[in-house]
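There are 6 protein chains.
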Amino acid sequence: MHVLAVVAHPDDAEIFCGGTLAKHAARGDDVTIAYMTRGEFGGFDTTEAELAATREEEARNAAAVLGADVTFLDFQDGRIVYTLENRLKLVDCIREHAPDIILTHFADDMHPDHRETSRLVTDAYYMVSLPLLEREHPPCDPTNVYYFGKPTSSFEPTVIVDVTDHEETKEQAALEHESQVAWLEEHGGIDAEFSDFVESMRATAHALGRQAGATYAEGFTRLHDTSVDYLE
Amino acid sequence: MHVLAVVAHPDDAEIFCGGTLAKHAARGDDVTIAYMTRGEFGGFDTTEAELAATREEEARNAAAVLGADVTFLDFQDGRIVYTLENRLKLVDCIREHAPDIILTHFADDMHPDHRETSRLVTDAYYMVSLPLLEREHPPCDPTNVYYFGKPTSSFEPTVIVDVTDHEETKEQAALEHESQVAWLEEHGGIDAEFSDFVESMRATAHALGRQAGATYAEGFTRLHDTSVDYLE
Amino acid sequence: MHVLAVVAHPDDAEIFCGGTLAKHAARGDDVTIAYMTRGEFGGFDTTEAELAATREEEARNAAAVLGADVTFLDFQDGRIVYTLENRLKLVDCIREHAPDIILTHFADDMHPDHRETSRLVTDAYYMVSLPLLEREHPPCDPTNVYYFGKPTSSFEPTVIVDVTDHEETKEQAALEHESQVAWLEEHGGIDAEFSDFVESMRATAHALGRQAGATYAEGFTRLHDTSVDYLE
Amino acid sequence: MHVLAVVAHPDDAEIFCGGTLAKHAARGDDVTIAYMTRGEFGGFDTTEAELAATREEEARNAAAVLGADVTFLDFQDGRIVYTLENRLKLVDCIREHAPDIILTHFADDMHPDHRETSRLVTDAYYMVSLPLLEREHPPCDPTNVYYFGKPTSSFEPTVIVDVTDHEETKEQAALEHESQVAWLEEHGGIDAEFSDFVESMRATAHALGRQAGATYAEGFTRLHDTSVDYLE
Amino acid sequence: MHVLAVVAHPDDAEIFCGGTLAKHAARGDDVTIAYMTRGEFGGFDTTEAELAATREEEARNAAAVLGADVTFLDFQDGRIVYTLENRLKLVDCIREHAPDIILTHFADDMHPDHRETSRLVTDAYYMVSLPLLEREHPPCDPTNVYYFGKPTSSFEPTVIVDVTDHEETKEQAALEHESQVAWLEEHGGIDAEFSDFVESMRATAHALGRQAGATYAEGFTRLHDTSVDYLE
Amino acid sequence: MHVLAVVAHPDDAEIFCGGTLAKHAARGDDVTIAYMTRGEFGGFDTTEAELAATREEEARNAAAVLGADVTFLDFQDGRIVYTLENRLKLVDCIREHAPDIILTHFADDMHPDHRETSRLVTDAYYMVSLPLLEREHPPCDPTNVYYFGKPTSSFEPTVIVDVTDHEETKEQAALEHESQVAWLEEHGGIDAEFSDFVESMRATAHALGRQAGATYAEGFTRLHDTSVDYLE
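Going down the list, the sequences are from chains A, B, C, D, E and F.
If you're matching positions, the first sequence starts at 1 in my numbering and goes up one per residue.
If you're matching positions, the second sequence starts at 233 in my numbering and goes up one per residue.
If you're matching positions, the third sequence starts at 465 in my numbering and goes up one per residue.
If you're matching positions, the fourth sequence starts at 697 in my numbering and goes up one per residue.
If you're matching positions, the fifth sequence starts at 929 in my numbering and goes up one per residue.
If you're matching positions, the sixth sequence starts at 1161 in my numbering and goes up one per residue.
Simulated from the structure, these hints should not be mistaken for lab results.
Among the hints, a few may not be true.
Label-pair restraints from in silico Cβ distances [stated by the list, open to error]: (1) A:108 <-> C:598: 53 to 63 Å; (2) D:827 <-> B:370: 22 to 32 Å; (3) F:1325 <-> D:860: 57 to 67 Å; (4) C:528 <-> B:400: 58 to 68 Å; (5) C:663 <-> B:332: 53 to 63 Å; (6) F:1188 <-> D:746: 25 to 35 Å; (7) D:772 <-> E:1103: 38 to 48 Å.
Here are some chain D residues the structure puts well away from chain B; computed CB gaps all over 12 Å [to be verified]: (8) 724; (9) 744; (10) 745; (11) 760; (12) 765; (13) 778; (14) 780; (15) 783; (16) 815; (17) 819; (18) 823; (19) 829; (20) 835; (21) 861; (22) 893; (23) 895.
Even for Gly, the Cβ is constructed at its ideal location relative to N, Cα and C.
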């Protein structure tokens, strides 16, 4: 099984689906994380180029902890926009990896980069299987798209994955994003919830897990409903 | 695995979860249908006693087609009410069968008997495992309650079961309710949707199935969320 | 009364509102179907140009069965995007036909072409009556926009139209889309629900009809609420 | 056409559906208001008996202004409870008047009397047509139940009735409840919205009317969906 | 300011609103916790009477840590039912303490005792200010009722209270419920989320706090909306 | 405190948040209204340029009544579109005024200009604090964005502001929009609710106020939840 996670920024993979990706990898699935940007806008006393280099390396290290391959799609942090051309870039990315399933941000995420990533991925998904759309890679046919986000009133997970055995790996991966931790501690501001990165991740995973009889869990919605093999 | 379905009236089992019960039975699970009433209020030119006898027999025949055992809880059709005493009757029923899972009506069903059944079952569920509640049968510990209903804006199934291979069995079981078919054809009135019983059942199962990539499906919500073994 | 339906692809008219259009035509209303695209992307072993020609003819035949006129807006299948220029194309289309009401896709439809069509039509609707917007055709003033879609948790119809007397016409019209039936049977994939095109349409119409005391029905939401002449 | 409104307290008819009842009466329909209680708990420096007498007379006068007949069901103000016996009282009331449609409170109204009235009426509705339920009056078969309430996030009207031509009649009827106006001015407390009774009614009707192109409107939900004759 | 919290079981105060009560007490408000039951049904190898005595003492100790007074309403654990008589018991409790605000369970809580407590309190609230309802204590007029519950899709807090400075006190209070911790560890079953009592409480408070810029928070809905002094 | 309201058209400030802005100004806050357009498309027998001049003057007069400064952002009425460039225009506007809070349209408003304004403001908000985004003005850090709209099922205010003492000022400000009143009376059409401009505003404010114990109120949602100082 091949899993492709498309995330807007380097640390989004750990924050939203790191346990799930680690679980996939641990059971032998191929896992690829596609980073839309290198998160190069979230810093100070530096340049975008320097920050991009730093965060790319952190992303590579974090992905290695999770057991995932990486690819960078070269969009600009904070400036992802929806165009037909960008949608075709996502078509190329999906076709190249020909995943069984895709994980990405949910569409109503308030963060503009998350939202546009979600729309680009979803709309690309409707194109990747079309034979008449000729691109570098041949058509492929992923079975579903799973969406992640912060559990709030606008994101209510319906698919809950037990990541208890992978919470530690996820937290180790998250700690690779050193530059971001420093940035958040000094700058903070926009997202108060990052003030204690790892503790917040753990609390979120535990609060969700409680709903499903697990110690730690991550939650998703999905594009297509699917029937269950049996009453779960 | 033992499955207990608690339904208000004889034909509710087929209408709401007949395919799922047949699927359970077909794979070797023990299935019991507990009928709150014999549906003895839904007739004319007859008496409640006569109708009760007729419909009990139909229920037994229909359950046999599905592969299920039956039990009758002797509530009065159209007059099920919520009391502590009635709730203890449900405790006794659940403890007697000690099921792994329970299926029943969803709580916001507009039909009073359906609604009260749902409340009695759910509230009994919170009592059945208590050691200090001493009754005839010892405590038991079902893992979950699944709720069924007509898919409408007030009932949105989140657990969808593919019953394609059991749709025919379900329809055959439904046809055992001869007295009800006649009653609905002549009386109808309240529930226009029963005018063509089996065709309506099939259309509902197909319309729901389409959402989940199945030809025919039945839908449920559940009391407790559960994590999925893997992204379904 | 003049009714304008704006649909993304040739078979969308039949799938979502074919019975309603047939009912309008049958009572003497003028009905026009505006096709955003010719559905020329949904094929294989062919070219877009060939497929466009085939499907345009099928669309004309299907519309003739319903009793509707057609117009083609020449957008590209699978690639409809929201721009101010495209919005003005819809302004021109609406002004040309000066309809009393407009029918189109609902805005949260997951299919990108459906969603963008919905946004273009709705936003054009806010422009068509403005005298200061000078275009080829004079301003017009449709009273409302009605939205259709697959009844799911994200599309809950509030206006239900009884199409029992027109279900057969609708199904005949749907069968004109021969090329699409073949494509769906061999390719399928994306939308499993099309595996049996006409049976699915009928089941959906029946499942919805049951909610409103009709054998077959189609459902809509609307842009503006309207008061009812009397309690329906 | 016969319309039966079942309200918990004397002034509820004017507050929630006075314009609609006046409209029915004005076009020649038979209108009956059944008062569950005489509102005899909402006073001070008086007794329940005295207040009941005063408010019954006010209710009669107000109903006369609307053009409605009245009946009193003799429940106790503030103490309406759901029992099978009380439900049968409502069965008797509905069968006696054999209405085409019934209007009553919506089920999630926070006021206990409103909520219990709603449940009693709805559940009685499921019983009134049953031949085997033998009571003083023969079975009847109303087509639908319409629910009213204060438009809030928990009550979202889907059926909007233009009462512009009857707003004045409704306000005149409301002014008949002199004792209540005095009580609300001095006591208030619980329901701040009654501080200026008639102005609040008018503002509510106007705010709702704006949504549907009317100057004044009242809103309802309904038990059964119905298809519309044509797109309203 | 006087705050009255009405909870079904001894540990519910800490679980749902312990930080808020501690915050009230710390700033000098009078805080009273009314326990509907002593939680005497949740044990084994004991009797209800013994367990009641143990848990009452634990409740007293926990309340002392929070800085709250206690009262016991003598309902039976697991068997709270809605009756007019029980509602009047709540009227007496509320009038005796004459609180400014009341805190209690939210109405859609799946636990039967929580749900019935919520209904009894809310419905009593509508009675406490009525002069014609003569009881031992005179009428009182609390300004609002606040509801608490586990944050899930059925309980979405709209009023969020920062309890960061009181989280430690709350956890200390929770640890007073020694008998319950043991029961949950050995029995568990029904509510998996209690497996690690205090860690779960902290995770829930942190996950909610993140949404509102606080380290730890508790959430409520309220019966009446209120305007804010200024945009918070 | 500095408040920045970004509105699509000159009269939107009064319609949606005029009382709140007047309340801010009255207590000494700096208030600035940024008009995306001059509403120059909403007229007849005139030119866009003439109408822009007229409405700009009306906007200046209305803002003066409220006690607010104004700025015009020079977008085209009826043609606001989302682009990265336009988003940066909003970044510049927000940075120039460095507000504590921002007020703007809610994102699901059906009016295209309102919706695009909402998206541009929200997405700019995520950029204004970034040090690496170098523009004419330095980074700033507003604490929150508040959204306004017509209270309907798609806009449910959660933050309610009592504007009773400022309703008169708001109405006086609204009356400055003379050209618009005339336009709406003769043209109307699109928005029937404007037929009596000021009475509709007052009814809306009163109907909302009733929910929160105020005579007149305005309602908002917000981007970030915030904890309350105390239970409001």
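Do the hints match the structure? See the list:
no. : hint                         : verdict
1   : A:108 <-> C:598: 53 to 63 Å  : 38 Å, violated
2   : D:827 <-> B:370: 22 to 32 Å  : 44 Å, violated
3   : F:1325 <-> D:860: 57 to 67 Å : 31 Å, violated
4   : C:528 <-> B:400: 58 to 68 Å  : 38 Å, violated
5   : C:663 <-> B:332: 53 to 63 Å  : 35 Å, violated
6   : F:1188 <-> D:746: 25 to 35 Å : 53 Å, violated
7   : D:772 <-> E:1103: 38 to 48 Å : 47 Å, holds
8   : 724                          : 26 Å, holds
9   : 744                          : 28 Å, holds
10  : 745                          : 32 Å, holds
11  : 760                          : 34 Å, holds
12  : 765                          : 26 Å, holds
13  : 778                          : 8 Å, violated
14  : 780                          : 5 Å, violated
15  : 783                          : 8 Å, violated
16  : 815                          : 8 Å, violated
17  : 819                          : 4 Å, violated
18  : 823                          : 6 Å, violated
19  : 829                          : 7 Å, violated
20  : 835                          : 9 Å, violated
21  : 861                          : 32 Å, holds
22  : 893                          : 33 Å, holds
23  : 895                          : 34 Å, holds
Taken one by one, the earlier hints fail for this structure at numbers 1, 2, 3, 4, 5, 6, 13, 14, 15, 16, 17, 18, 19, 20, listed in ascending order.
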